[in-house]
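Trainee: Residues per chain are reported as follows:
Number of protein chains: 2
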Amino acid sequence: MKHAVVLLSGGLDSATAFAVAKAEGFAVHALSADYGQRHRVELERAAAIAKTMGAIEHRIVKLDLRQIGGSALTSDLAVPKDRSTDDMNHCIPATYVPARNTILLGLALGYAETVGACDLFIGANVLDYSGYPDCRPEFLTAFENLANLATKAGVEGARFRVHAPLLKMTKAEIIREGVGLGVDYSRTLSCYDPDAAGRACGRCDSCQLRRKGFAEAGVPDPTVYV
Amino acid sequence: MKHAVVLLSGGLDSATAFAVAKAEGFAVHALSADYGQRHRVELERAAAIAKTMGAIEHRIVKLDLRQIGGSALTSDLAVPKDRSTDDMNHCIPATYVPARNTILLGLALGYAETVGACDLFIGANVLDYSGYPDCRPEFLTAFENLANLATKAGVEGARFRVHAPLLKMTKAEIIREGVGLGVDYSRTLSCYDPDAAGRACGRCDSCQLRRKGFAEAGVPDPTVYV
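Here the protein sequences line up with chains S and G, keeping their order.
First residue of the first sequence: 1, per our numbering; consecutive thereafter.
First residue of the second sequence: 1001, per our numbering; consecutive thereafter.
These are calculated hints, taken from the structure and not from any lab test.
Treat the hints with caution; some may be incorrect.
No more than 30 angstroms apart at the CA atoms, straight line, and that leaves these computed lysine-lysine pairs for BS3-like [what the hints assert, rightly or not]:
1) S:Lys152 x S:Lys62
2) S:Lys51 x S:Lys2
3) S:Lys152 x G:Lys1212
4) G:Lys1062 x S:Lys62
5) S:Lys62 x S:Lys51
6) G:Lys1081 x G:Lys1062
7) G:Lys1062 x G:Lys1152
8) S:Lys152 x G:Lys1081
9) S:Lys51 x G:Lys1062
10) G:Lys1152 x S:Lys81
11) S:Lys81 x S:Lys62
12) S:Lys152 x G:Lys1168
13) G:Lys1051 x S:Lys62
14) S:Lys22 x S:Lys62
15) S:Lys62 x G:Lys1152
16) G:Lys1152 x S:Lys168
17) S:Lys212 x G:Lys1152
18) S:Lys152 x G:Lys1062
Start from the sequences, fold in the hints, and give me the full structure.
Mentor: Take a look at the structure:
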């Protein structure tokens, strides 16, 4: 059986990427990072998703990015609310975490090497949300190139692949794809600023995109909002 | 003043890379990773080096690579002792940490972005020790390429550079360079398996290379061995 490492945040995109990896026949090793994010309830959701979706194992790597800071997700900066679609499409937001996907894919690469996997899945997506530089195709291609040079497995002939199956899909397309694959989106949490009970704020960029996605997909939105 | 992030492990190479960065006129932000290494006394040495060598700040990012495992430095695997020079030159050792330099440079990149630095220094070295794939020039070039695509700063026009000033130097040349720049090597620890008092084992690959380096450089070895 082919093995893959799937980066699992507990959000809608990564749960869908997980479902795609399973549908493509991969045995899934799920990896989450406890990086000091303010929305820590994500990690509980990630664990529940990994379990119900049949991960071979789920590892949570502690990584305290608060030491680095620079983001609304890892510091005291305010999470932007009620931004316009235009702002979302053109301004890199305060929720950008410096070098996050480089670090997360690095962890996924190390994990993949220890379990003998060559395939990494990430729920990166550019169409709906172009603000994050490390979600762009050219970044993912550069990481794939790096992975083959960075590792013992690569030196020995392995060829790593970075799969970003959602890269060019709209949020609505992602949701339709996931529903078709049986993803239970009520278990996922996309909000950058949920309350202690894990209810979504409904107003951050991520909530706005998610809500719009369900509406456009014609799928009932199972999200519990504040 | 130009700012740089220097990856500082507490060992001989990274202390020398720090000295080179200073000599080149950079204000140095030192970054160490507490990655669950068995030789944790390294971190105390890193802190002391950062302080005495005049770092603007020193951050230690907690990152539990034991969750990933796969290395003698982060698991119960035995640290190889008394290996021949031939083995060292041709076999990737058990002390290889999967994707370590990808992850560490990713952290350095995130840190650099938050402090407005574009220059990353790493004490990677290939000549004396060719076993680690992520110390090779082609890896470092690939990371530099990745860095410019991965970041908000890169999108906005910054050009990141990965400096590996020791890359093609022998251990003896590194030591001579460092002595010329005033590095106090008695503060550094290279051993993969020191005792609780921080004394070097003298037999792991790293100890053997260090000892040979001081001998070849004609510099008294200040290392305290068990």
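Trainee: Are Lys62 (chain S) and Lys1152 (chain G) close enough, with their CA atoms no more than 30 angstroms apart?
Mentor: Distance of about 24 angstroms is within 30 angstroms: holds.
Trainee: Given the hinted pair Lys1152 (chain G) and Lys168 (chain S), is their Cα-Cα distance within 30 angstroms?
Mentor: holds, 20 angstroms
Trainee: Quickly compare the C-alpha distance for Lys1081 (chain G) and Lys1062 (chain G) to 30 angstroms and report which way the hint goes.
Mentor: holds, 28 angstroms
Trainee: Run the distance test for Lys1152 (chain G) versus Lys81 (chain S): straight-line Cα separation, threshold 30 angstroms.
Mentor: Given that 30 angstroms is the threshold and the Cα spacing comes to 20 angstroms, the pair holds.
Trainee: Straight-line Cα separation of Lys1051 (chain G) and Lys62 (chain S) no greater than 30 angstroms?
Mentor: Answer holds: Lys1051 (chain G) to Lys62 (chain S) is near 27 angstroms, not above 30 angstroms.
Trainee: Taking 30 angstroms as the top limit, are the C-alpha atoms of Lys51 (chain S) and Lys2 (chain S) close enough?
Mentor: Holds: Lys51 (chain S) and Lys2 (chain S) sit about 19 angstroms apart, inside 30 angstroms.
Trainee: Hint check: Lys152 (chain S) vs Lys1062 (chain G), CA-CA at most 30 angstroms. Holds or violated?
Mentor: The hint holds at about 24 angstroms.
Trainee: Verify the proposed pairing of Lys51 (chain S) with Lys1062 (chain G), using a straight-line Cα cut of 30 angstroms.
Mentor: holds, 27 angstroms
Trainee: Verify the proposed pairing of Lys81 (chain S) with Lys62 (chain S), using a straight-line Cα cut of 30 angstroms.
Mentor: Distance of about 28 angstroms is within 30 angstroms: holds.
Trainee: Do the alpha carbons of Lys1062 (chain G) and Lys62 (chain S) lie within 30 angstroms of each other, as the hint requires?
Mentor: Roughly 7 angstroms between the alpha carbons, so the hint for Lys1062 (chain G) and Lys62 (chain S) holds.
Trainee: Is it true that the CA of Lys152 (chain S) sits at most 30 angstroms from the CA of Lys1212 (chain G)?
Mentor: Answer holds: Lys152 (chain S) to Lys1212 (chain G) is near 26 angstroms, not above 30 angstroms.
Trainee: Quickly compare the C-alpha distance for Lys22 (chain S) and Lys62 (chain S) to 30 angstroms and report which way the hint goes.
Mentor: Given pair Lys22 (chain S), Lys62 (chain S) holds - Cα atoms ~26 angstroms apart, limit 30 angstroms.
Of the numbered hints stated above, none is contradicted by the structure.
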